[in-house]
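2 protein chains.
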Amino acid sequence: MILDELGVPIVLAPLAGGPATPALAAAVSNAGGLGFLAAGYLTAAALGEQIAAATKLTGRPLGVNVFVPGPPATAAAIADYAAELAGEAHAASTELGEPRYDDDDWDSKLALLESAAPAVCSFTFGCPDAAVIARLRTAGSEVWVTVTRPAEAERAATAGADALVLQGAEAGGHRASFTDDPADDLADGIGLLSLLQLVRARVDLPLVAAGGIGTGAAIATVLAAGASAAQLGTAFLRSPEAGTAAVHRKALDADTATAMTRAFTGRLARGIRNSFIDAHSATVPAAYPQVHYLTAPLRGAGRKTGNPDLVNLWAGQAHELGTARPAAELVAKLAAEARAALRQAAGRWPG
Amino acid sequence: MILDELGVPIVLAPLAGGPATPALAAAVSNAGGLGFLAAGYLTAAALGEQIAAATKLTGRPLGVNVFVPGPPATAAAIADYAAELAGEAHAASTELGEPRYDDDDWDSKLALLESAAPAVCSFTFGCPDAAVIARLRTAGSEVWVTVTRPAEAERAATAGADALVLQGAEAGGHRASFTDDPADDLADGIGLLSLLQLVRARVDLPLVAAGGIGTGAAIATVLAAGASAAQLGTAFLRSPEAGTAAVHRKALDADTATAMTRAFTGRLARGIRNSFIDAHSATVPAAYPQVHYLTAPLRGAGRKTGNPDLVNLWAGQAHELGTARPAAELVAKLAAEARAALRQAAGRWPG
Chain V
2 MILDELGVPI VLAPLAGGPA TPALAAAVSN AGGLGFLAAG YLTAAALGEQ
52 IAAATKLTGR PLGVNVFVPG PPATAAAIAD YAAELAGEAH AASTELGEPR
102 YDDDDWDSKL ALLESAAPAV CSFTFGCPDA AVIARLRTAG SEVWVTVTRP
152 AEAERAATAG ADALVLQGAE AGGHRASFTD DPADDLADGI GLLSLLQLVR
202 ARVDLPLVAA GGIGTGAAIA TVLAAGASAA QLGTAFLRSP EAGTAAVHRK
252 ALDADTATAM TRAFTGRLAR GIRNSFIDAH SATVPAAYPQ VHYLTAPLRG
302 AGRKTGNPDL VNLWAGQAHE LGTARPAAEL VAKLAAEARA ALRQAAGRWP
352 G
Chain S
2 MILDELGVPI VLAPLAGGPA TPALAAAVSN AGGLGFLAAG YLTAAALGEQ
52 IAAATKLTGR PLGVNVFVPG PPATAAAIAD YAAELAGEAH AASTELGEPR
102 YDDDDWDSKL ALLESAAPAV CSFTFGCPDA AVIARLRTAG SEVWVTVTRP
152 AEAERAATAG ADALVLQGAE AGGHRASFTD DPADDLADGI GLLSLLQLVR
202 ARVDLPLVAA GGIGTGAAIA TVLAAGASAA QLGTAFLRSP EAGTAAVHRK
252 ALDADTATAM TRAFTGRLAR GIRNSFIDAH SATVPAAYPQ VHYLTAPLRG
302 AGRKTGNPDL VNLWAGQAHE LGTARPAAEL VAKLAAEARA ALRQAAGRWP
352 G
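Quick note, the sequences are listed as chains V and S, same order. Numbering-wise, our numbering puts 81 at position 80 of the first sequence, and it's gapless, one number per residue. Numbering-wise, our numbering puts 146 at position 145 of the second sequence, and it's gapless, one number per residue.
Since no wrong hints were added, every one of them can be taken at face value.
Capping the alpha-carbon separation at 25 Å, the derived lysine to aspartate or glutamate pairs in DMTMM-like fashion look like this:
| no. | chain 1 | residue 1 | chain 2 | residue 2 |
| --- | --- | --- | --- | --- |
| 1 | S | 334 | V | 205 |
| 2 | V | 251 | S | 189 |
| 3 | S | 251 | V | 189 |
| 4 | V | 251 | S | 185 |
For the chain S half of the interface with chain V, some residues (derived, Cβ under 8 Å), not all of them:
| no. | residue |
| --- | --- |
| 5 | 212 |
| 6 | 224 |
| 7 | 225 |
| 8 | 321 |
| 9 | 322 |
| 10 | 343 |
| 11 | 344 |
Hints in this document: simulated from the structure, not taken from any laboratory. Model, not experiment: these values are computed from the prediction. Note that beta-carbon positions come from the ideal geometry of N, C-alpha and C, so glycine has one too.
Generate the whole structure from the sequences, applying the supplied hints.
Okay, here's the thing in structure tokens:
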């Protein structure tokens, strides 16, 4: 297992949609962690270029994360939402995007990954079929599946996953849940520490813990709970190697609370609270990726003009603890803090 | 500090509303942890009797938790909710309760606590004035304040609290938030691990970590994150010493997910999902304790007839990991597991 060979038990979260770059992934891998590239929103060809670029920057293992496509939503609800957003598009001097459905170039990406065989292929928004998992393993990759609920962990284990990424409700960005049904919202949101216990009681696979991990003490924490590594995303968003937009970096530098919303993409995600979230979370339909495409020009306008209220400022609950260090420096600092926290906790209670 | 003197870093959660008993509190203290009594819903006189009973059963430190009263809500919204519940009351052959406001006997309880001077007085639903905190400290108690957000932690520290109980969103029962405004729900729900990091970055007080802690590994976890102890409630609900209703015990024995709702009491709380939560969470007003009194006969009927769909089955997200062990046995088991988890985590990464 790659997890047994890492110098530092830190895995970079995929950070699809801009922040992920070959430079960031390579920097984390070169520092002893495991860097990740995000296939989400890219064409297979663009992903191929990113893998090639990252491979030039590091000889160490790298991971690639892929979105599993879901079923299309009904058009009527999307039209209502488009009408609701029309005024905001007009005010931002832009037009809404076409709310189209696509599968994020699924087949081509799988073919590419089979040929590129990165150290790890991880999946978000679902569990690939056992046949797909077997194909990628045969090609030489480990297959990790991201889960948010105990039942998803059992399903991924049955399908043949090598490891599970447990995403707690604290995590920034999209919830990785296999389904995204508003009827489940009331009972959704299992916190990372609960999820670690619940999954460990049911599944014997290696676990990578994600969600709200912003300090070395928190890394120590998830190791003590039985995880093999911690996955951090928000902590790296302000690194110079990340492709994070300026308006997003600026928002991360304040202590504004985060909120969970479908308003930007039609799929539940956590970001820094802004007026767009407050105005539209109650009415947006669960329609991904159609709403993602619908709001794309608005979000683009917000990034261009530096208006944070139009932008999906993805961030985990611990975002205010982040700094703007280079990725390698951050990995070294977090690792030193984590070791110290483990030593201290063990020493405080010698038994 | 009491926290420095505990043989085992396990604190019993208060468990107001039935499960808390002098026998349970004393058993946890006798096992080396810190037992707690819950003043909530009791008269000051009844609380006095509980303190006397527990003190007979243990010579070790005990804590008492008190609800801080909030402002009354408007009557109109409560009348609408009563109309909504009328059919369910009829079907259960009972009548709804009078939705009255009270302050849970606040002044009398403070006077009692000043005279009884338990080792710890802890507070939920708000932060007492600095004068109240000073009074209780002068009487000989440590004062702990339960918080769910970083700003609440700062306020409690300023008011003079000796320690903070950090309640993550994973916790069963009522959210301890100082205010309970539905407008905040979207941005509420900080997970325990994030809360530990966020509060530690702002406040230097000893921290007790609560929410979804169901295993020794999770106790090790919060110690590694810098907490002085873990507070567990749900884990003790099935102990023979607890006053938990039979229908509640039975529900805890399944793996049904929990949900956050105001439906039972008018204040946000986490319980095992049932049809009452699904039917009324969207319409219930934020009106505590009026809704608590309104639904009390319904909940009583559910407990009496063994109908789990009428009962507030408070439980944290890790409830399915619970067992029915005696409290002392559970404390010993969790402590042994926690020590082993800390040793293992420190050993896996010798650095």
